[in-house]
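J.: Take a look at the letters that make up each chain.
2 protein chains.
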Amino acid sequence: MASVQDIGLSAAINLMSAFAFLFAFAMLRLQPVNDRVYFPKWYLKGIRGSPTRSRGIMNRFVNLDWTTYVKFLNWMPAALKMPEPELIEHAGLDSAVYIRIYLLGLKMFVPITLLAFGVLVPVNWTGETLENIDDLTFSNVDKLSISNVPPGSPRFWAHITMTYVFTFWTCYTLYMEYKAVANMRLRHLAAESRRPDQLTVLVRNVPPDPDESVNEHVEHFFCVNHPDHYLCHQIVYNANDLAKIVAQRKAMQNWLTYYENKYERKPTNRPTTKTGYGGFWGTTVDAIDFYTSKMEILAEQEAAEREKIMNDPKAIMPAAFVSFKSRWGTAVCAQTQQCHNPTIWLTEWAPEPRDVFWDNLAIPYVELSIRRLLTTTALFFLIFCFMIPIAFVQSLANLEGIQKVLPFLKPVIEMKTVKSVIQGFLPGIALKIFLIILPTILMTMSQIEGYTSLSYLDRRSAEKYFWFIIVNVFLGSIITGTAFQQLKSFLEQPPTEIPKTVGVSIPMKATFFITYIMVDGWAGIAAEILRVVPLVIFHLKNTFLVKTEQDRQQAMDPGHLDFATSEPRIQFYFLLGLVYAAVAPILLPFIIVFFAFSYVVFRHQVINVYNQKYESGARYWPDVHRRLIICLIISQLLMMGLLSTKKFAKVTALLLPQPILTFWFNRYCAGRFESAFSKFPLQVR
Amino acid sequence: MASVQDIGLSAAINLMSAFAFLFAFAMLRLQPVNDRVYFPKWYLKGIRGSPTRSRGIMNRFVNLDWTTYVKFLNWMPAALKMPEPELIEHAGLDSAVYIRIYLLGLKMFVPITLLAFGVLVPVNWTGETLENIDDLTFSNVDKLSISNVPPGSPRFWAHITMTYVFTFWTCYTLYMEYKAVANMRLRHLAAESRRPDQLTVLVRNVPPDPDESVNEHVEHFFCVNHPDHYLCHQIVYNANDLAKIVAQRKAMQNWLTYYENKYERKPTNRPTTKTGYGGFWGTTVDAIDFYTSKMEILAEQEAAEREKIMNDPKAIMPAAFVSFKSRWGTAVCAQTQQCHNPTIWLTEWAPEPRDVFWDNLAIPYVELSIRRLLTTTALFFLIFCFMIPIAFVQSLANLEGIQKVLPFLKPVIEMKTVKSVIQGFLPGIALKIFLIILPTILMTMSQIEGYTSLSYLDRRSAEKYFWFIIVNVFLGSIITGTAFQQLKSFLEQPPTEIPKTVGVSIPMKATFFITYIMVDGWAGIAAEILRVVPLVIFHLKNTFLVKTEQDRQQAMDPGHLDFATSEPRIQFYFLLGLVYAAVAPILLPFIIVFFAFSYVVFRHQVINVYNQKYESGARYWPDVHRRLIICLIISQLLMMGLLSTKKFAKVTALLLPQPILTFWFNRYCAGRFESAFSKFPLQVR
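So the protein sequences, as listed, match chains P and X.
Mapping to UniProt numbering: the first sequence position 218 is 218, numbers consecutive.
Mapping to UniProt numbering: the second sequence position 527 is 527, numbers consecutive.
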């Protein structure tokens with residue numbers, strides 16, 4: 001077990017490395033050549049122009065003004081300065097509310113930390129249990145935790161009281177935050193200028209009709225059932241071929257622009273190209289003429305394909321976007337059942353145009369139902385059995401296996417350094433690769449489940465990832481062994497034993513999780529702001545591929561807040577904070593540093609870098625809230641388990657109201673606020 | 001363990017007693033004097049008149065036509081003859097669909113019984129395990145059950161296959177029934193003539209407004225938000241005092257009619273009465289004059305009270321019934337959220353006027369939320385700890401306790417017969433009394449939860465009673481010990497052990513449950529048709545209290561189908577059938593007899609006796625369906641537990657898809673049909 005000094009040293013090293021990242025970032029961001037990597041949002045907004053033209057040749061690439069280097073941390077106040085309404089205007093409500101999650105972490109844990117250090121740390125410190133045990137090596141860190149309180153001691157009353165205080169405070173901040181976010185969302189919806197998607201309903205599962213086309217059928221249905229409000233509709237076509245032609249034409253247009261620019265700069269000789277693939281072989285022709293003629297051919301193809309799709313009944317999907325004359329009519333149609341068979345004519349608020357996930361618009365109800373059953377089963381196995389295929393791959397990737405399949409590699413493998421590298425890294429790499437592609441797997445599963453908008457897909461993937469983290473990272477770190485072994489032992493244990501088994505191990509793992517927070521949390525955030533991968537890719541692209549201004553625009557990869565993976569990770573820190581608040585308060589300052597640092601970094605990123613793919617109006621908040629409640633209940637159950645092993649079992653029953661009240665609080669909040677995120681009140685038009 | 005002969009004898013006795021009941025019923029129902037007890041529905045409909053006037057004095061009371069006695073069972077075909085559409089017309093959809101639950105039992109269990117007797121009984125019978133064990137007393141009944149198959153035998157493949165067949169068949173019948181009932185409901189709603197409640201929405205939680213009265217506030221809100229459809233509204237007054245005056249006036253009117261009739265028959269002397277309570281003392285006055293003047297005073301009081309309520313803002317409740325011009329506008333208002341605060345302006349389809357539970361119309365949202373938390377907690381303790389207060393009462397009611405409190409009873413108590421009666425009956429009586437008042441307790445709990453209609457209250461009480469039966473009757477009979485002890489042992493056992501513990505005991509309890517079905521089921525149904533209590537009460541009232549025709553009308557107690565208590569009891573028989581289908585098929589014929597007998601009896605009762613308090617249009621079906629699914633899943637889990645103890649553990653995993661698929665089937669059905677029971681499609685107007 002690490003001592004306070006060890007942890008202090010580790011913290012110092014991690015802080016230093018985080019500062020090194022920050023310093024590197026501060027240096028790099030000041031170089032004009034990196035401007036598009038660190039401020040892409042302003043370029044996309046058209047506010048910031050390319051600096052490469054206006055300045056001198058040296059100034060174009062390197063910043064020589066030494067005064068800017070002195071104030072290398074001044075991006076932090078700059079990031080905090082923008083007021084929230086402006087931030088919403090600038091980056092959208094999704095991003096602004098996302099940042100509030102970190103702020104919520106601060107609001108929640110700063111008072112909890114003060115209380116825990118004021119009350120629990122003295123109580124634990126003077127417990128004097130560990131000093132009396134000679135054969136155990138203990139450290140000052142453990143003396144700060146609940147382990148130092150003797151079993152059966154009345155000191156546990158302090159812990160019980162404090163868990164109630166913590167629960168109450170957590171619920172209070174959650175309630176205030178839910179209320180604030182709900183109001184922000186309603187203001188946001190009401191203040192927006194009339195956008196088409198606010199007056200549009202997505203209709204799916206239009207039943208086939210023998211006498212009418214989908215187009216006529218939709219029109220007749222809505223003319224009859226919403227006569228006063230129906231405006232028009234747009235049916236959905238399967239236009240994959242058309243999309244290919246359009247993409248081709250765009251590429252040709254880019255080449256044409258490139259050669260036209262070239263010709264403009266040097267009007268003496270017309271540029272030439274070759275007719276083969278990529279312009280590398282074939283007969284040499286005049287480039288501008290060649291691409292102009294190609295463009296014409298593609299334009300004709302496009303028109304023909306468009307014509308074909310419009311007249312081909314097979315290209316029509318049984319879905320449509322129906323527009324209404326008023327928000328009232330739209331709300332009515334989106335929120336009511338259309339037909340007495342509830343599996344056809346399904347209506348919902350149309351997602352934003354950017355938010356639509358087109359592939360899933362035409363899945364029949366029965367298929368949808370089966371798909372959800374299958375993915376739920378698959379998710380269960382993914383969470384509890386994911387180690388099995390990885391162990392299989394690892395067993396294949398051992399030395400004998402490789403020698404057998406590829407005997408000619410034998411002399412190389414038998415070299416000592418190569419051998420140790422393979423033995424040391426290969427098994428780890430299999431796991432690492434799996435963890436990297438895990439979000440993609442989860443997103444694919446959500447897509448198979450058949451949700452119709454990107455925002456919904458993100459929310460569902462986040463839910464899956466959250467459970468994966470809870471089972472495999474949290475429980476997996478506390479109880480060693482694979483999730484499958486845990487599942488088996490849990491099934492064979494009485495349900496009251498599970499919190500005990502987990503709860504007892506918690507105080508012992510405090511130092512492990514402190515290190516985890518520093519390495520994964522602090523360093524991860526610092527790496528986020530440095531944007532190493534986009535930086536390298538941008539410069540590579542800029543050097544080798546960029547031909548026109550449009551290419552440069554595309555080489556810039558602003559990225560976006562990836563809700564599906566980053567939100568469950570934040571939840572994990574909330575969970576750690578709540579679990580350890582009463583057990584080992586020493587962990588709390590590390591959590592607070594994480595939240596504070598993340599808040600500044602992500603505020604900066606949201607303002608200067610990220611370009612969101614869609615705007616859902618913070619519709620994900622009920623999910624965030626629910627998962628926070630789950631974390632809270634987990635922490636309460638584990639506390640009960642821990643206390644019941646401390647010869648304090650009778651009093652532990654006093655903790656029983658906590659999960660019940662928290663569950664009830666969740667129900668209450670859901671009833672009070674959730675509809676603001678799924679429904680649209682008739683009063684607001 | 002009982003042999004087949006024992007069970008046969010017991011069945012014969014129970015059948016005989018049931019037939020005795022039926023014979024008694026057949027005799028009694030033919031007597032004209034009992035006509036109002038056995039055919040009250042026809043009286044209430046005004047189709048059947050009082051036979052006492054038209055016939056001779058003897059014929060008025062006793063039926064002397066011997067031919068009618070010969071065909072004493074002919075009420076059975078008569079009950080079955082009425083076609084379903086006519087039955088719906090005559091007794092309402094609620095009753096017609098309720099009877100279908102028994103029919104569903106037949107549809108489900110007749111093929112299952114045939115299959116079980118064709119396949120499983122031969123397999124079990126030739127298992128030859130019990131014959132080889134000498135020290136066990138076994139009977140032919142056990143030879144028919146799964147206990148006779150040797151552990152680890154491949155014969156269990158037959159049981160596994162059959163459980164799949166049974167599951168499939170059960171789900172199929174459930175699906176067809178859900179579909180049929182949903183269609184019946186939709187036809188019923190569409191076919192009904194326009195009733196006011198179909199165009200009315202109940203609005204609750206009208207927020208207080210400082211400037212406007214509730215009346216104006218409601219009017220303005222709906223004029224603004226539903227301008228094209230709003231017709232009018234009726235606010236709800238707290239008129240308890242008025243209701244008392246009206247009741248008083250009704251009683252006076254009855255006395256007046258009585259004396260007027262008396263005077264009519266004997267115009268020579270005017271009837272007199274006394275001014276004191278009940279006419280027993282006080283000064284003698286002319287009765288007709290006295291009651292006429294009383295009526296006038298009350299009419300004045302009534303008008304004054306009415307005036308007072310209309311003008312008193314405190315008497316106005318924050319709820320209103322809002323009527324719309326079209327079903328479309330009503331559907332829109334009932335099914336959409338009105339205000340961005342989802343806890344005010346709550347709208348729902350107005351219940352039928354008879355169905356409204358007035359007391360709960362004005363409960364604020366927060367209070368409602370707390371009430372539900374409290375009743376849920378109370379229900380949990382009621383189910384698991386109900387034996388504790390009863391044991392306490394029983395301990396008080398023992399001999400020493402009585403002697404201590406009432407020492408003068410000592411000589412009486414010490415008499416031997418009295419002693420044995422007290423010791424034998426008192427503890428049982430405490431339990432019996434509790435079980436009799438249990439439905440009332442559950443209904444009170446549902447009322448506290450704050451539902452606004454009688455039908456909803458019935459549905460919620462049924463849900464509570466169902467869980468009480470599952471835990472205390474089903475599990476309580478299989479595992480001896482109180483529910484609280486069970487709960488404790490379940491918490492201390494691994495979750496996989498629970499189905500094993502319960503599953504192993506199941507085959508041993510087959511004869512117990514067969515007896516239960518005969519005593520509680522068969523005899524209970526026969527007692528239902530005899531209507532002993534209403535019969536006795538009617539004759540008592542008719543002899544001593546009835547003064548006018550109106551009194552006689554009221555003395556008739558037609559009763560009603562008590563959904564809250566009788567539906568969970570049917571579910572219990574479904575559960576027994578499903579659990580024992582693959583374990584001990586011998587139980588199935590008894591279940592079939594129960595369902596067939598109940599079907600005939602309740603069809604007769606619904607046609608001739610019951611007068612429903614409200615008509616909800618079979619809105620309870622999703623609950624019935626869900627509970628049947630729960631029974632099915634319980635039976636599957638117990639089968640898994642049973643098989644895993646038969647040295648067949650590996651193959652038991654093959655049963656795992658059953659509960660998962662059943663759960664998915666439930667989700668599918670809910671998505672497919674449930675909205676037909678809670679929403680109202682816009683297409684149907």
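Think of the hints as simulated: they come from the structure by calculation, not from any bench.
In this text, all values refer to a predicted model and were calculated from it rather than measured experimentally.
Take these hints with a grain of salt, some might be off.
[As the list claims (entries may be wrong)] Looking from chain P toward chain X, a few residues come up when the C-beta cut is under 7 Å (computed):
#1 Gln337
#2 Ser369
#3 Ser489
#4 Leu491
#5 Glu492
#6 Arg672
Cβ atoms here follow ideal geometry from the backbone N, Cα and C, with glycine treated the same way.
J.: Among all the numbered hints in the text so far, which are the ones the structure does not match?
T.: 3
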